[in-house]
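Protein chains in written order, with my numbering: chain A, 1 to 172; chain B, 1001 to 1598.
Hints are computed from structural coordinates only; laboratory data are not their basis.
Even glycine gets a Cβ: it sits at the ideal position worked out from N, Cα and C.
Heads up, some of the hints might be wrong.
Chain A is nowhere near these chain B residues, computed Cβ spacing over 10 Å in every case [unchecked claim]:
| hint | residue |
| --- | --- |
| 1 | Lys1143 |
| 2 | Thr1198 |
| 3 | Leu1207 |
| 4 | Ile1248 |
| 5 | Gln1469 |
| 6 | His1506 |
Computed beta-carbon distance windows for the label pairs [claimed, not checked]:
| hint | chain 1 | residue 1 | chain 2 | residue 2 | range |
| --- | --- | --- | --- | --- | --- |
| 7 | B | Ala1517 | A | Gly30 | 20 to 30 Å |
| 8 | B | Asp1127 | A | Glu46 | 49 to 59 Å |
| 9 | B | Val1194 | A | Ile118 | 51 to 61 Å |
| 10 | B | Asp1333 | A | Glu46 | 38 to 48 Å |
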Amino acid sequence: MTMRSGPGIERHTLAVLVDNEAGVLARVIGLFSGRGYNIESLTVAEVDHAAHTSRITIVTSGTPEVIEQIEAQLKRVVPVHRVTNWTTGAPGIEREMALVKVAGTGDKRVEAMRISEIFRAHIVDTTHTSFVFEITGAPEKLDNFIDLMRPLGLVDVSRTGVAAISRGPEAM
Amino acid sequence: MDRDESMIAVAQEPESTIALPGAEIVIRALKDQGVQHIFGYPGGAVLPIYDALFANEDLQHVLVRHEQGALHAAEGYARSTGRPGVVLVTSGPGATNAVTGLTDALMDSIPLVVLTGQVATHLIGNDAFQECDTVGITRPCTKHNWLVKDVNDLARVIHEAFQIATTGRPGPVVVDIPKDVQFKRGTYVPPNAVRHRTYKPKVEPDLSAVVKAVEMMAAAKRPVFYTGGGIINSGPEASRLLRELVRITGFPITSTLMGLGAYPASDPQWLGLVGMHGTYEANLAMHDCDLMICLGARFDDRVTGRIDAFSPHSKKIHLDIDASQINKNVRIDLPIVADAARTLKEMLLFWKTRKRKSDVAALADWWRAIEGWREKKSLSYRASTSVIKPQYAIDRLYEATRGREVYVTTEVGQHQMWAAQRFKFEAPNHWMTSGGLGTMGYGLPAAVGVQVAHPEALVIDIAGEASVQMTMQEMSTAVQYDLPIKIFILNNQYMGMVRQWQQLLHGGRYSHSYSQALPDFVKLADAFGCVGLRADKPEELDAKIAEMIGVRRPVLFDVRVDPTENCYPMIHSGAPHNEMVLSDADESEMSDEGKMLV
């Protein structure tokens, strides 16, 4: 999961609706590793228990030609119902959650708490020497928050990866 | 459930939902799918299925000598009939030995249904004897695969497997069946009761795109048809329609390795093979055309050469049943995602009903240019009266078999390219070769599969002495089933294509490409119980070829050819189409960038 950047490289968020059958996630991930595509984040969970469908949200990067190939290759995977690109298609909403552990005392601790309020992060665990913040938002907001915590005693980060959905009344 | 209870259950169930042991479900499903032949090899984890086969007279099982042979035989069977090839192998090594054949079939879009035994469900993940993660190993080399843990899913999965293997872009599938599932009783469902939830390949073309294609064709001044294996896979109707479209438009046509036979090679509009070892006229036509009509081919690197110099002045129409092939290597101006036959039918219909005509004057100029390229006679070679030139051997084989129902398979290397260049195929499904994966050892077992499907036909494996040793053991299969395959070995004692590249790119350092010890193929033939022949001199060849064809037994024919002949014409890796090398005399130093490519 490395960030790729360079001329013509774009970041795209793809939603993939799949049959929730054994090995389906391996098929999708294997496609990315086997063909040399990039995964920046990946989120997967069942979304319809009765219909046995899961939704995989993948943040990937590549040239427009590579992104087109990724979409076409995903559609070829047998248990895939639908693939939607939230970057080139209808505008979507992206959210991610992170748990961020910061250890420290004195001014640094106060500063960490002050910044967490600006970011509307919640404190979900505290000791005399640490906080665990829960923060939700666009991935860039999480990046910024984590960067600010770094000099204040950042010790651990756990991120969910991106969940995305379209605006308006339509399904994907 | 004890025996009596199960009998009652059977009696009460309607015929279509009868409870059977898993092994019987497999046999029943194969029969309902119209399967007549299975290529396989038994082992511990498939014994219940082999037990069910024992009493069966409808399914003919062909016992191979190595599982890889089963896969290639099934590929030859599938490619020569248009029906799926069916394979049955055991768990562990049975499954891992199948991997090369699966990858080969995936690359060349060959429909195979491969059933693998697996250890019992309670042992999975336990490092049990002959256990391997078959679905994990075969996931990237199949179109789809399944591990069946519930006997009640077995019939449905097998029917889905046939549907997925044979429709859309065909390919290999694996159904992994644990041993306990083969014993347990479950419900059988017939093929028509199964419909897949997500798999719906697109076969009908977008008609507005077809109309646009026809208008582009009518306006073209330097058009070329570039066709591939997709025409063959679409079925004989696609080949028939292609011939009509080529005739009615008057356009030149070239083909990939996989597409040979879709258009008759004896026709004047045929330019021959395209690509790395394609003809001068085919490659120059591809380079200079203003409209490329790609039908069922995939712009493979062996066809395109240097991609940024590939056909720089043309608009490109690309018909493919697999949407992921569009824009993969080359930017396409007009994509059509559909089945070839259905699209060709619509193209012809629009061309006729709209009364479209080719640009006759422009086409005449275009053909004049092509005739100029043809005069280069790029397939010519220096004849010899003292040694057998491999090209001469193939020419004599072709002449001796002309007009007969002949199926040709090949191994991989120089002999394969010479066969593709020189053997003139007139009909689809008569040419079986490993194109995408380039699997040495493909041709002999593929010939076994072709001969099983066409017992009366003449089936010839044009082979190299290096490749053929990789699957030589399948001669024993040919002898067991009385399959009179002809193994025509162009024996130059080298891995010829490796030697050629070492000569041209690695300063003549022939690192490990010479076989210092070769078997005596005539004695080997004798040991297998088939016929052995040898020719050392050109004047012996015709009589020996006649003998090979005349004898109704498997033949190993050791044709001793010039050891250092190179395969030309050639476009070096990283070079564009208009920089073809026609002979050794044309060779120049190659760029380092080119050397890095394969």
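(message) Which constraints among the numbered hints does this structure fail? Numbers only, ascending.
(response) 1, 2, 7 and 8
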